[in-house]
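Protein chains in written order, with full-length UniProt numbering: chain S, 1 to 320; chain D, 1 to 320; chain V, 1 to 320.
Please keep in mind that the hints were generated in silico from the structure rather than gathered at the bench.
Fair warning: there could be bad hints in the mix.
You can't tell identical chains apart in this list, so a pair holds if it fits in one copy or across any two.
Stated by the list, open to error - SDA-like cross-link-like pairs, simulated, lysine to any residue; straight-line CA separation at most 25 Å: (1) 58 to 243; (2) 268 to 77; (3) 268 to 82; (4) 58 to 290; (5) 58 to 272; (6) 2 to 135; (7) 84 to 293; (8) 292 to 175; (9) 2 to 288; (10) 268 to 21; (11) 2 to 290; (12) 84 to 5; (13) 2 to 207; (14) 84 to 40; (15) 268 to 208; (16) 292 to 37; (17) 292 to 151.
None of these values were measured; they are calculated from a predicted model.
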Amino acid sequence: MKIISVANQWHQICSHNPCARFTDVILRSYGQVMLQNNALSGLIFLLGVLMGGYLSDKPAIGAASLVAVISANIMAYVYQLNEKAWQQGIYGFNACLTGIALATFCENSPYLWCTIVLASILSVFITKALSTILQQWYLPCLTMPFILITWIYLLAIPSFSALSRVQADTATAHITSFTLLHLLPSSILGIAEVFLFNSTLVGITFLIALAVNSLRITLYAITGSILAIGIALMYGGQLELITLGLYSFNAVLTAITLITFSNSPDSKTNLYILLAIILTVFTQSALTTLLKPYALPVLTMPFVVVSWLWLLINQTLNQR
Amino acid sequence: MKIISVANQWHQICSHNPCARFTDVILRSYGQVMLQNNALSGLIFLLGVLMGGYLSDKPAIGAASLVAVISANIMAYVYQLNEKAWQQGIYGFNACLTGIALATFCENSPYLWCTIVLASILSVFITKALSTILQQWYLPCLTMPFILITWIYLLAIPSFSALSRVQADTATAHITSFTLLHLLPSSILGIAEVFLFNSTLVGITFLIALAVNSLRITLYAITGSILAIGIALMYGGQLELITLGLYSFNAVLTAITLITFSNSPDSKTNLYILLAIILTVFTQSALTTLLKPYALPVLTMPFVVVSWLWLLINQTLNQR
Amino acid sequence: MKIISVANQWHQICSHNPCARFTDVILRSYGQVMLQNNALSGLIFLLGVLMGGYLSDKPAIGAASLVAVISANIMAYVYQLNEKAWQQGIYGFNACLTGIALATFCENSPYLWCTIVLASILSVFITKALSTILQQWYLPCLTMPFILITWIYLLAIPSFSALSRVQADTATAHITSFTLLHLLPSSILGIAEVFLFNSTLVGITFLIALAVNSLRITLYAITGSILAIGIALMYGGQLELITLGLYSFNAVLTAITLITFSNSPDSKTNLYILLAIILTVFTQSALTTLLKPYALPVLTMPFVVVSWLWLLINQTLNQR
Chain S
1 MKIISVANQW
11 HQICSHNPCA
21 RFTDVILRSY
31 GQVMLQNNAL
41 SGLIFLLGVL
51 MGGYLSDKPA
61 IGAASLVAVI
71 SANIMAYVYQ
81 LNEKAWQQGI
91 YGFNACLTGI
101 ALATFCENSP
111 YLWCTIVLAS
121 ILSVFITKAL
131 STILQQWYLP
141 CLTMPFILIT
151 WIYLLAIPSF
161 SALSRVQADT
171 ATAHITSFTL
181 LHLLPSSILG
191 IAEVFLFNST
201 LVGITFLIAL
211 AVNSLRITLY
221 AITGSILAIG
231 IALMYGGQLE
241 LITLGLYSFN
251 AVLTAITLIT
261 FSNSPDSKTN
271 LYILLAIILT
281 VFTQSALTTL
291 LKPYALPVLT
301 MPFVVVSWLW
311 LLINQTLNQR
Chain D
1 MKIISVANQW
11 HQICSHNPCA
21 RFTDVILRSY
31 GQVMLQNNAL
41 SGLIFLLGVL
51 MGGYLSDKPA
61 IGAASLVAVI
71 SANIMAYVYQ
81 LNEKAWQQGI
91 YGFNACLTGI
101 ALATFCENSP
111 YLWCTIVLAS
121 ILSVFITKAL
131 STILQQWYLP
141 CLTMPFILIT
151 WIYLLAIPSF
161 SALSRVQADT
171 ATAHITSFTL
181 LHLLPSSILG
191 IAEVFLFNST
201 LVGITFLIAL
211 AVNSLRITLY
221 AITGSILAIG
231 IALMYGGQLE
241 LITLGLYSFN
251 AVLTAITLIT
261 FSNSPDSKTN
271 LYILLAIILT
281 VFTQSALTTL
291 LKPYALPVLT
301 MPFVVVSWLW
311 LLINQTLNQR
Chain V
1 MKIISVANQW
11 HQICSHNPCA
21 RFTDVILRSY
31 GQVMLQNNAL
41 SGLIFLLGVL
51 MGGYLSDKPA
61 IGAASLVAVI
71 SANIMAYVYQ
81 LNEKAWQQGI
91 YGFNACLTGI
101 ALATFCENSP
111 YLWCTIVLAS
121 ILSVFITKAL
131 STILQQWYLP
141 CLTMPFILIT
151 WIYLLAIPSF
161 SALSRVQADT
171 ATAHITSFTL
181 LHLLPSSILG
191 IAEVFLFNST
201 LVGITFLIAL
211 AVNSLRITLY
221 AITGSILAIG
231 IALMYGGQLE
241 LITLGLYSFN
251 AVLTAITLIT
261 FSNSPDSKTN
271 LYILLAIILT
281 VFTQSALTTL
291 LKPYALPVLT
301 MPFVVVSWLW
311 LLINQTLNQR
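Can you build the whole structure from these sequences, using the hints too?
Structural data, given as structure tokens:
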């Protein structure tokens, strides 16, 4: 109850104060990374991101995400692309991920920060353009603009001496078996990896951010993560990747997205979400093979492709 | 006449007996691989597939195709995606090809069969989703779901120790010249290669399956195959590939599809189909180069791309 | 005034004489490469192309472009795809570029000329098909058919002994610094590179061709070229490529296209075109990395992708 009364107060402040309204949009932009149109969730996600940057010895990541989200939302406001979408943080969440990804994969330099601002602004326009294409089928952009702009910048690095890629960390300790004890930490890492972090503490923070808005979605997120681990284990996936949650983060997003757009989670819907998670895991492995020659991360592409396909079917299933 | 009366009897049985109706759908799923909505054609295709598996010392292929078609059609029935399309075998033919391809390219193991069932079920959902996208332009899915799901699984193999790729057969005897004597057998092999088989007998069986439904389509199929060989020979394509019908199978499908959707085969239509066949041959060579680093087969992708483009034009030509 | 009266006379001749009308379409096809629906512009472009072929010791290029444009327009006339589009040269400009590209990248041989005719005819059908898809979003094809058909033929070369790729020229003299003196010549080379030429004289001819139709577009073209050079310099791009205008030609086309489709060039529009040019430069570098393993030129793909995205946004901006 207390949370609700605080939320109401915040709502009232926002309606009067343009500064508070802009802060609200910034926070919702963080929330929308996991489809939560909720400022409190967003605030906790933001804390998680700051913590994640700090814990991975890259505090620049948190600042990068903030710079990105602010640049994107200012630009979207100036061009008045879509008032309602802007208020819900729709023009900010791709910039948030782009900022984090560029700060994670590129060496820190003044050029990097210039690139982050540019990429964030461009992500706003790409979001608008893709929305126009996708509205034909009532589909949301999801994180496609983030994937496109990040891939473009990472692929452009060899052409430009001002940008350079961070040397990949050496892999963590070799793992010879996966026991039930690994299951929960790995699933939570899968949640953290949505924002490209590798920390259980951050994963738990993100789960709290989800739980603040919806317990059902939290449940589906963690179940999606566990299922992806199970599928990868069954087919003999690499234990290092499974333990780090790298098979899970796309499945988490698929699960959240499909349950958000479903009317009622009956057994047919659950089976249909399970199939989507299975396809997400295999699409991720396939994309990994495709992108290997370019040393390109798959990011959240498997989630986007599978969710688009499944949302198209969902429309038919819900029509009846 | 006798065939027609048998067909009528079968029709009557199907309207009463759900088991017969399901068998009818299974057979039509086989027929739809070459766009024939005809249970008898389907039955002959099924016999050809069983024979092809047997002749290539891989009897599992026939079983794989049956398992795939049955899984797919059960799933499509449970989710009641589109009653009419289901009855015509539209939800089964991609699974049929997926089953054959996975059994051809992967080592036999319990995981393979689990994968075939999964891939077939997923192909149903992908078919439904792609149909929703493509109906905007009145385009059919063709074999796109089969191509996508097969590529995803083949590309995923390096990530999973439970799946492994069959070692490619060493090429057949070296051929130094192509004479008129090679023309007919090679064209017939082109028909067999639609189902990934390399046997003239199987090719003849498939031609009979076509002829049962339409002589005109049979004529266009074999002509498409011959033309593809002619174009490849003219441009100096590899004789081994030409002789095996590997330049033909996509052209065969393009020819069948375009004549099926054309109103009247006048000379303008024939020229327009010829151009499509030429583009199919070059698209196939281009895709071969693109996919070589990934050791990925082109499957029927050239046919799908060219047919979609040409069907879009066809709508305009027929409008007048 | 004199030009206008000559234009009127030409208009009158065209309405009576089918031969003149066809010539008009041929010339407009050249003009449409840079979006100029103007026969006089087209004539100057044609002269530039002939000159460019001559200056680069490849006179076949000029002939190839003519053969291509004529073949394409005859085919479009025979199939009566779209009367109005045909008259404006819409079915010819992709063929024009395809002819130039194939004559530039492939060894001269009778097969090459056969391929140029075929590719040009196919480009007409691809133009028609893509238009049908894109009209859903009121988007033009731009040079997509040219890119697709040229890539297909270049990728198909390894499969066919009748076609072979020209050995790439060794790079020009090594450049150690870029001064203001380089800026104008390099920007003009960027204009010439739209038609794949590397000559300042040809670039100036093309600028005149633009100026005949619209001074504003000429200004945006050269500004786009200069901006692309600036961005590439700022990020430390390779000086050789920058000096040759290879970072500019896509930006030139983006600038021309976006200003053509904009209502009023206010500061918001100019910023939005600047962002498009920035994205064009980075997309070009990204595509270069992607296509390197296949030794495939990026052609005008970055321009097409960015222009499509930005034109989609433009519709929203102009609606208000």
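- Message: Regarding residue 268 and residue 208, is the shortest C-alpha distance of 25 Å or less found within a copy, between copies, in both, or in neither?
- Response: neither (28 Å within a copy, 41 Å between copies)
- For the identical chains here, do residue 2 and residue 290 meet the 25 Å Cα criterion within one copy, between copies, both, or neither? The answer is neither: 50 Å in one copy and 54 Å across copies each exceed 25 Å.
- Please work out whether the CA atoms of residue 84 and residue 293 approach to 25 Å or closer within one copy, between two copies, in both situations, or in neither? For residue 84 and residue 293, neither the intra-copy (41 Å) nor the inter-copy (44 Å) Cα distance is at most 25 Å.
- Query: With identical chains treated as interchangeable, where does the CA-CA distance between residue 2 and residue 207 reach 25 Å or less: within a copy, between copies, both, or neither?
  - Reply: Only inside one copy: residue 2 and residue 207 sit 20 Å apart there, 68 Å across copies, limit 25 Å.
- Item | Copy assignment of residue 58 with residue 272, given that the CA separation must stay at most 25 Å | neither (39 Å within a copy, 33 Å between copies)
- Message: Within a copy, between copies, both or neither: which one fits residue 2 and residue 135 at a CA-CA cutoff of 25 Å?
- Response: Classified as neither: same-chain Cα gap 38 Å, cross-chain 50 Å, threshold 25 Å.
- Task: Using 25 Å as the alpha carbon limit, work out where residue 2 and residue 288 are close: within a copy, between copies, both or neither.
- Result: Classified as neither; 46 Å inside a copy, 56 Å across copies.
- Query: From the Cα coordinates, with 25 Å as the cut-off, is the pair residue 268 and residue 21 best called within, between, both, or neither?
  - Reply: between (41 Å within a copy, 24 Å between copies)
- Query: For residue 292 vs residue 151, is the C-alpha pair at or below 25 Å within one copy, between two copies, both, or neither?
  - Reply: both (13 Å within a copy, 16 Å between copies)
- Item | Homo-oligomer pair classification [residue 82, residue 268; C-alpha up to 25 Å] | between (36 Å within a copy, 16 Å between copies)
- Query: Are the CA atoms of residue 58 and residue 243 at most 25 Å apart within a copy, between copies, both, or neither?
  - Reply: The answer is within: 22 Å in one copy meets 25 Å, while 38 Å across copies does not.
- Same-copy or cross-copy closeness of residue 84 to residue 40 [CA-CA at most 25 Å]: For residue 84 and residue 40, the Cα distance is within 25 Å only inside one copy (19 Å; across copies 48 Å).
Hints 4, 5, 6, 7, 9, 11, 15, 16 from the earlier list are contradicted by this structure; the remaining hints agree with it.
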